[in-house]
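Based on the provided sequences and hints, a complete structural model is requested.
Chains as they are written, first to last, in the numbering used here: chain A, 1 to 431; chain B, 1 to 431.
These aren't lab readings, by the way, just hints derived from the structure by calculation. Beta carbons: idealized from backbone N, C-alpha and C, even for Gly. Heads up, a few of these hints could be off.
As the list claims (entries may be wrong) - Now the stretches of chain B that chain A is said to cover, found in silico as 3 or more residues with beta-carbon under 8 Å:
no., stretch
1, 54-67
2, 262-274
3, 284-295
Stated by the list, open to error - Computed cross-link-like contacts, DSS-like style, restricted to lysine-lysine with a CA-CA straight-line distance of at most 25 Å:
no., chain 1, residue 1, chain 2, residue 2
4, B, 426, B, 366
5, B, 366, B, 425
6, B, 146, B, 157
7, B, 426, A, 29
8, B, 29, A, 426
9, B, 421, B, 366
2 protein chains.
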Amino acid sequence: MKNTNTGDRALTHVIATYRVRDKQENLSKRAEGIAVGLTVGSWTDLPAMKQSAVLRHCGTVEDIRVLDTSEAPSSDASVGDPVDRGHAALDTVIADISIGYPIDNFNNTITSILTTVFGKLSMDGEIRLIALQIPDALAERFSGPKFGVSGIRDRLKIYDRPLLMSIFKACVGRDVSDLTKAFLEQARGGADLIKDDEIFFSEQYATPEARVAAFTEAARQLQAETGQRVSYAVNLTGPVRQLFDRARRLAELGAGALLVNAVAYGYDVLAELAADPDVTVPLMVHPAVSGALYGSDTHGIAADIVLGSLMRLAGADIVIYPSPYGTVTLSRAEGLRLVDALRTPSVHKEVLPAPSAGIFPGLVPKLVSDLGVDCIVNAGGAIHGHPGGATDGAAAFMASIEATVAGVSLEQAANGNAALKAALKKWGQPS
Amino acid sequence: MKNTNTGDRALTHVIATYRVRDKQENLSKRAEGIAVGLTVGSWTDLPAMKQSAVLRHCGTVEDIRVLDTSEAPSSDASVGDPVDRGHAALDTVIADISIGYPIDNFNNTITSILTTVFGKLSMDGEIRLIALQIPDALAERFSGPKFGVSGIRDRLKIYDRPLLMSIFKACVGRDVSDLTKAFLEQARGGADLIKDDEIFFSEQYATPEARVAAFTEAARQLQAETGQRVSYAVNLTGPVRQLFDRARRLAELGAGALLVNAVAYGYDVLAELAADPDVTVPLMVHPAVSGALYGSDTHGIAADIVLGSLMRLAGADIVIYPSPYGTVTLSRAEGLRLVDALRTPSVHKEVLPAPSAGIFPGLVPKLVSDLGVDCIVNAGGAIHGHPGGATDGAAAFMASIEATVAGVSLEQAANGNAALKAALKKWGQPS
Numbered sequence: 001m002k003n004t005n006t007g008d009r010a011l012t013h014v015i016a017t018y019r020v021r022d023k024q025e026n027l028s029k030r031a032e033g034i035a036v037g038l039t040v041g042s043w044t045d046l047p048a049m050k051q052s053a054v055l056r057h058c059g060t061v062e063d064i065r066v067l068d069t070s071e072a073p074s075s076d077a078s079v080g081d082p083v084d085r086g087h088a089a090l091d092t093v094i095a096d097i098s099i100g101y102p103i104d105n106f107n108n109t110i111t112s113i114l115t116t117v118f119g120k121l122s123m124d125g126e127i128r129l130i131a132l133q134i135p136d137a138l139a140e141r142f143s144g145p146k147f148g149v150s151g152i153r154d155r156l157k158i159y160d161r162p163l164l165m166s167i168f169k170a171c172v173g174r175d176v177s178d179l180t181k182a183f184l185e186q187a188r189g190g191a192d193l194i195k196d197d198e199i200f201f202s203e204q205y206a207t208p209e210a211r212v213a214a215f216t217e218a219a220r221q222l223q224a225e226t227g228q229r230v231s232y233a234v235n236l237t238g239p240v241r242q243l244f245d246r247a248r249r250l251a252e253l254g255a256g257a258l259l260v261n262a263v264a265y266g267y268d269v270l271a272e273l274a275a276d277p278d279v280t281v282p283l284m285v286h287p288a289v290s291g292a293l294y295g296s297d298t299h300g301i302a303a304d305i306v307l308g309s310l311m312r313l314a315g316a317d318i319v320i321y322p323s324p325y326g327t328v329t330l331s332r333a334e335g336l337r338l339v340d341a342l343r344t345p346s347v348h349k350e351v352l353p354a355p356s357a358g359i360f361p362g363l364v365p366k367l368v369s370d371l372g373v374d375c376i377v378n379a380g381g382a383i384h385g386h387p388g389g390a391t392d393g394a395a396a397f398m399a400s401i402e403a404t405v406a407g408v409s410l411e412q413a414a415n416g417n418a419a420l421k422a423a424l425k426k427w428g429q430p431s
Numbered sequence: 001m002k003n004t005n006t007g008d009r010a011l012t013h014v015i016a017t018y019r020v021r022d023k024q025e026n027l028s029k030r031a032e033g034i035a036v037g038l039t040v041g042s043w044t045d046l047p048a049m050k051q052s053a054v055l056r057h058c059g060t061v062e063d064i065r066v067l068d069t070s071e072a073p074s075s076d077a078s079v080g081d082p083v084d085r086g087h088a089a090l091d092t093v094i095a096d097i098s099i100g101y102p103i104d105n106f107n108n109t110i111t112s113i114l115t116t117v118f119g120k121l122s123m124d125g126e127i128r129l130i131a132l133q134i135p136d137a138l139a140e141r142f143s144g145p146k147f148g149v150s151g152i153r154d155r156l157k158i159y160d161r162p163l164l165m166s167i168f169k170a171c172v173g174r175d176v177s178d179l180t181k182a183f184l185e186q187a188r189g190g191a192d193l194i195k196d197d198e199i200f201f202s203e204q205y206a207t208p209e210a211r212v213a214a215f216t217e218a219a220r221q222l223q224a225e226t227g228q229r230v231s232y233a234v235n236l237t238g239p240v241r242q243l244f245d246r247a248r249r250l251a252e253l254g255a256g257a258l259l260v261n262a263v264a265y266g267y268d269v270l271a272e273l274a275a276d277p278d279v280t281v282p283l284m285v286h287p288a289v290s291g292a293l294y295g296s297d298t299h300g301i302a303a304d305i306v307l308g309s310l311m312r313l314a315g316a317d318i319v320i321y322p323s324p325y326g327t328v329t330l331s332r333a334e335g336l337r338l339v340d341a342l343r344t345p346s347v348h349k350e351v352l353p354a355p356s357a358g359i360f361p362g363l364v365p366k367l368v369s370d371l372g373v374d375c376i377v378n379a380g381g382a383i384h385g386h387p388g389g390a391t392d393g394a395a396a397f398m399a400s401i402e403a404t405v406a407g408v409s410l411e412q413a414a415n416g417n418a419a420l421k422a423a424l425k426k427w428g429q430p431s
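Written out as structure tokens, the structure reads:
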């Protein structure tokens with residue numbers, strides 16, 4: 001999205017690009033209005049205060065580009081679409097407007113970025129934030145991921161293959177002993193990580209602390225028996241100011257990662273968890289609520305910003321996001337852009353992507369082909385729904401992962417692995 | 001949105017209503033999938049675990065209602081719309097699905113509510129959260145507004161008229177003395193409250209603490225001279241864990257209210273500010289970023305939830321929201337639903353609504369007719385853009401407010417008030 005006219009301002013300005021629908025003759029004035037209105041003030045008699053102190057905070061119009069019909073997303077009511085969609089009209093165009101915001105306008109919070117670039121503007125009719133370039137000089141105010149891909153691999157001592165994560169399902173209402181049984185069932189199949197359901201808030205029967213203690217002991221026994229290592233990603237929940245002590249406590253008890261509903265809690269809550277030296281385990285972001293921001297084609301914020309660049313800035317080590325392989329709405333192109341935002345060269349460590357929903361063992365070669373080995377194979381349904389149970393479910397995935405990185409076909413691998421054979425029979429392979 | 005079949009579950013369950021587009025024959029299965037999948041687990045072999053402990057956490061399908069064409073919002077691609085919008089299709093209907101979630105599934109965070117009722121579901125294609133009923137037993141876990149309408153009136157000692165708030169514009173890049181001059185210019189016209197621009201994050205020339213100290217002293221002098229009282233709503237910003245100390249400090253220095261970008265910071269950050277006994281001034285919520293959630297007709301979350309019921313639950317004393325009088329996208333009906341959510345009988349205090357954008361003196365009678373006197377007349381453009389300057393701009397509004405509550409026509413009031421006369425000439429009155 002970087003445009004060639006931007007020049008050095010890309011080093012000193014946040015460049016935000018908006019897709020709008022408007023009358024073509026309004027675009028220039030509207031862009032100027034954004035650049036001035038969201039920086040030095042919309043109703044300011046600017047000529048009277050052209051002191052250098054004010055002008056260096058003024059936004060700049062970087063680009064206005066009217067999309068032709070072929071570029072307008074097909075799922076939009078596209079250019080020239082004869083359907084009246086309320087504020088749309090026959091003589092409107094779709095255009096991308098890029099505005100530069102001086103980084104001196106921001107502090108060290110993501111709230112300051114979001115509020116400036118898509119605060120008031122989010123309420124301005126049909127407008128969507130589709131790109132956001134943050135210069136290093138601003139990114140450096142955030143600590144970013146504490147572990148990132150390499151840090152997570154060092155912790156788990158797994159370097160050459162995707163990680164396997166099993167999703168803990170059916171959490172609420174079950175006691176610690178019941179949950180520990182379920183934990184071990186998944187673990188025995190070879191899962192590297194086992195994560196809580198993100199909707200696990202009730203602490204009536206099993207507090208997070210009790211779960212971490214019990215699962216850590218179960219994992220220790222499993223490792224003593226079989227040599228296999230498994231980590232538990234516990235849902236970090238509770239009032240904001242209690243999260244930090246709780247995160248420290250859960251890490252001390254043996255948690256392998258902290259699952260954070262970062263969209264609902266707010267990016268700056270995640271950023272402070274990431275910056276806190278006492279939070280000594282990776283932060284795994286769940287995408288809950290993110291669809292409320294990215295779901296529409298015409299409003300809100302693109303998924304690669306919501307779950308990509310802003311989560312990396314806020315210090316996520318792992319980002320779970322809706323895979324394009326299932327029935328969900330994120331397209332393959334959107335998913336790849338999101339992963340690109342987690343990995344593109346930056347002052348911050350790379351984030352491990354965990355595409356989720358609709359993942360089954362036969363899909364692993366496609367997943368590795370799309371993302372490489374630095375990803376998490378994250379599954380629930382195709383682990384717990386395996387005909388042989390969750391242990392076989394996880395084992396089938398691990399067999400598929402190992403075959404894929406070894407360059408062995410899944411059919412061949414399945415010959416020596418009944419769990420994988422049963423999984424391929426049940427869920428097949430993508431054509 | 002409460003439906004008559006819900007019965008006692010409205011006392012023990014959060015009832016969420018979703019507007020979806022789907023094939024009619026899928027609706028029942030989809031509703032069941034939500035009720036089970038977002039509570040006790042989507043892939044659970046439920047019959048095997050029908051212990052009472054689990055079942056009491058299971059969600060319930062409360063209602064499925066297919067909308068007929070006349071009910072579908074006109075700005076939607078409505079029922080039978082022949083345009084292919086990606087996941088829409090010819091044989092789909094628009095329907096409202098209501099699901100009950102047992103309150104024992106939640107803790108005392110709004111994150112737990114949002115993540116459960118619109119976490120994963122937000123990513124499930126064309127779906128919008130349009131209603132959210134929260135039973136008292138859950139609402140009581142939140143402290144709600146500390147001041148509310150009556151508390152704010154007691155602080156300001158103004159009981160019988162709308163409050164007048166002037167929006168501090170052109171903040172960034174200006175030093176304390178320059179800002180103090182602008183503060184006094186607005187104050188002298190009679191503003192009860194003067195608020196920062198919500199995008200004021202830079203502290204290079206004027207820290208929030210320095211502004212509060214200077215404006216408090218200026219307000220003290222103004223009161224000594226004229227008897228008039230004015231409060232300053234300062235933008236509360238910075239890293240999350242520093243907000244609480246800063247809020248206390250700003251209150252001690254004399255801040256009249258704290259402006260909070262609550263959507264970007266997260267509802268639970270606001271909730272803890274509200275619950276903190278050391279935060280001794282009202283919390284004023286700015287709607288920045290909220291349009292990214294409510295803007296679309298087909299995705300996201302309705303404005304009366306985003307800025308209404310959830311802000312009240314989180315403890316906002318004042319909610320600024322886009323007025324339906326300007327060029328913005330919130331309709332009059334949506335605005336009234338939002339205000340209703342701030343006022344409807346509840347375990348929490350009433351919140352003061354501050355419709356914003358497009359407010360001019362001639363509009364005050366309409367505003368009071370729509371909202372009553374318990375509201376804030378909030379203006380920027382029509383104060384700073386007054387031909388006589390900001391003092392006359394504020395004075396024109398105050399004259400309009402006083403005339404309106406006295407039952408005097410604005411024309412009549414303008415005869416004795418040059419500032420109002422000039423304002424009516426410039427901005428007119430709605431027909």
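Verification of the hints:
1. 54-67: Three-residue rule met by the stretch 54-67 of chain B, so holds; n is 4.
2. 262-274: Since 8 is at least three, the answer is holds.
3. 284-295: Answer holds; 9 residues pass the 8 Å Cβ test.
4. 426/B / 366/B: holds, 18 Å
5. 366/B / 425/B: Between residue 366/B and residue 425/B the Cα gap is close to 17 Å, so the pair holds against 25 Å.
6. 146/B / 157/B: Status holds; Cα separation ~17 Å.
7. 426/B / 29/A: holds, 22 Å
8. 29/B / 426/A: holds, 22 Å
9. 421/B / 366/B: holds, 18 Å
Hint violations for this structure: none, all hints satisfied.
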